[in-house]
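Just need the whole structure built from these sequences, with the hints factored in.
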Amino acid sequence: MSSKERKKAALYEKLLQLRAATNSSALNKTSIIVDASKYIEELKRKVDAMSQGVGTSQNSIAQNPLPAQVTVETLEKGFQIHVLSEKNCPGLLVSILEAFEELGLDVLDARVSCSDTFQLEAVGEAADSIDAQAYIYIYIIRIVPFAALSTPLFLCPIA
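Counting from 1, one number per residue, gives the positions in the sequence shown under this note's numbering.
Hints are computed from structural coordinates only; laboratory data are not their basis.
For clarity, every value in this text was computed on a predicted model and none was experimentally measured.
A hint or two may mislead.
To be verified - Cut-off 25 Å, straight-line C-alpha distance, at most; resulting in silico cross-link-like pairs (PhoX-like, lysine-lysine): (1) 29 - 44; (2) 77 - 44; (3) 14 - 38; (4) 4 - 44; (5) 14 - 4; (6) 29 - 14; (7) 44 - 14; (8) 7 - 29.
Shown next as structure tokens:
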């Protein structure tokens, strides 16, 4: 096979690959290239639309932060936690309760509102309240950011 024939076969193979990649039904070289060009333009439009969507979402989040406040207080024989957020996020309550369970904390009393806003007040007991306070704080830091914390978390020991 001559060099010219190999180049022609390689070009034909590449055209077939281009045709397959663009889902073209064209049979001749010019039509395959035109279809590929249209396909590339369509992909560019999709990328631009996605980029604008991401930019809009980021601007929306930056302009409308979801303020949240978390306080963990030590009591004589336990802890008290307050979580307040202007927006309710699905799964937030379950995540907080799972964190309590993982830490082996017993919740003695809890008041929760999950309608438009999210509010949780829980009183519990732990063997070592100072360590429990730190662990709760760390766990809530992991959980609440997906609920969009815009204010710092507060750790408020009470004597």
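Results of checking the hints against the structure:
no.: 1; hint: 29 - 44; verdict: 23 Å, holds
no.: 2; hint: 77 - 44; verdict: 62 Å, violated
no.: 3; hint: 14 - 38; verdict: 18 Å, holds
no.: 4; hint: 4 - 44; verdict: 35 Å, violated
no.: 5; hint: 14 - 4; verdict: 15 Å, holds
no.: 6; hint: 29 - 14; verdict: 10 Å, holds
no.: 7; hint: 44 - 14; verdict: 22 Å, holds
no.: 8; hint: 7 - 29; verdict: 15 Å, holds
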